[in-house]
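Residues per chain are reported as follows:
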Amino acid sequence: QKEVEQNSGPLSVPEGAIASLNCTYSDRGSQSFFWYRQYSGKSPELIMSIYSNGDKEDGRFTAQLNKASQYVSLLIRDSQPSDSATYLCAGGGATNKLIFGTGTLLAVQP
Amino acid sequence: DAGVIQSPRHEVTEMGQEVTLRCKPISGHDYLFWYRQTMMRGLELLIYFNNNVPIDDSGMPEDRFSAKMPNASFSTLKIQPSEPRDSAVYFCASRMGRNQETQYFGPGTRLLVL
Chain A
1 QKEVEQNSGP
11 LSVPEGAIAS
21 LNCTYSDRGS
31 QSFFWYRQYS
41 GKSPELIMSI
51 YSNGDKEDGR
61 FTAQLNKASQ
71 YVSLLIRDSQ
81 PSDSATYLCA
91 GGGATNKLIF
101 GTGTLLAVQP
Chain B
1 DAGVIQSPRH
11 EVTEMGQEVT
21 LRCKPISGHD
31 YLFWYRQTMM
41 RGLELLIYFN
51 NNVPIDDSGM
61 PEDRFSAKMP
71 NASFSTLKIQ
81 PSEPRDSAVY
91 FCASRMGRNQ
101 ETQYFGPGTR
111 LLVL
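Residue numbers (this note's numbering), protein chains in the order written: chain A, 1 to 110; chain B, 1 to 114.
Hints are not guaranteed to be accurate.
[As the list claims (entries may be wrong)] With a Cα cut of at most 35 Å, we get these calculated DSBU-like pairs of lysine-lysine:
hint	chain 1	residue 1	chain 2	residue 2
1	A	Lys97	B	Lys68
2	A	Lys42	A	Lys67
3	A	Lys42	B	Lys24
4	B	Lys24	A	Lys97
Hint data in this document are derived by calculation from the structure and do not stem from the laboratory.
In this text, all values refer to a predicted model and were calculated from it rather than measured experimentally.
My request is simple: use the sequences and hints to build the entire structure.
Structural data, given as structure tokens:
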């Protein structure tokens with residue numbers, strides 16, 4: 001069973017802090033990884049993608065990938081209350097399918 | 001572009017009834033995905049199409065579920081007969097080409113089976 005695992009949270013951080021969201025995956029054939037943000041009652045929206053080992057930065061977001069450890073993370077700097085949402089990690093491979101984790105609920109406290 | 005369109009947005013039905021969910025993908029997208037999301041199981045892929053052809057339906061839970069894509073701009077997911085455990089949010093997503101980064105989700109259909 002190919003899985004993507006996330007801690008369901010909630011992860012609570014104060015406004016302005018760094019939020020660190022983590023994800024592990026079991027399929028070594030996974031080549032691409034994605035972080036989706038999902039507000040309550042809304043659909044998932046893509047915020048970051050990463051394909052190579054290392055870090056990828058986009059504004060306040062940094063995605064990190066370590067294929068040897070089968071580990072993906074998302075850092076959100078200067079967290080804002082508007083960042084409060086569920087963050088879904090997804091892995092993709094040659095099958096055209098994305099395998100999603102169950103998501104981590106992030107709560108940024110004002 | 002209007003994005004992925006799904007209807008209805010909410011559906012309440014009784015056990016045993018037939019339910020049909022509809023999806024219009026983004027124009028020009030050649031991949032269409034149907035997902036189901038529940039608190040317990042998260043977001044699960046049910047089936048996906050490429051150029052209107054079903055490619056992988058291994059996620060379809062039972063024979064009660066069926067999906068069709070008669071043309072590039074329309075797809076349906078049907079549940080017959082429906083059961084309370086089918087209650088979930090059903091998302092349709094579409095994508096252009098093999099680049100998984102271009103997958104866009106519709107607003108979802110919230111289904112409640114009583």
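Verification of the hints:
The suggested pairing of Lys97 of chain A with Lys68 of chain B holds, with an alpha-carbon distance near 18 Å, which does not exceed 35 Å. Distance restraint check for Lys42 of chain A and Lys67 of chain A: the Cα-Cα separation of roughly 31 Å lies within the 35 Å cut-off, and the hinted pair is therefore satisfied. A threshold of 35 Å between alpha carbons decides the hint, and for Lys42 of chain A with Lys24 of chain B the separation of about 18 Å falls inside it, so the pair holds. Our distance criterion of 35 Å between C-alpha atoms is met by Lys24 of chain B and Lys97 of chain A, whose separation comes to about 20 Å.
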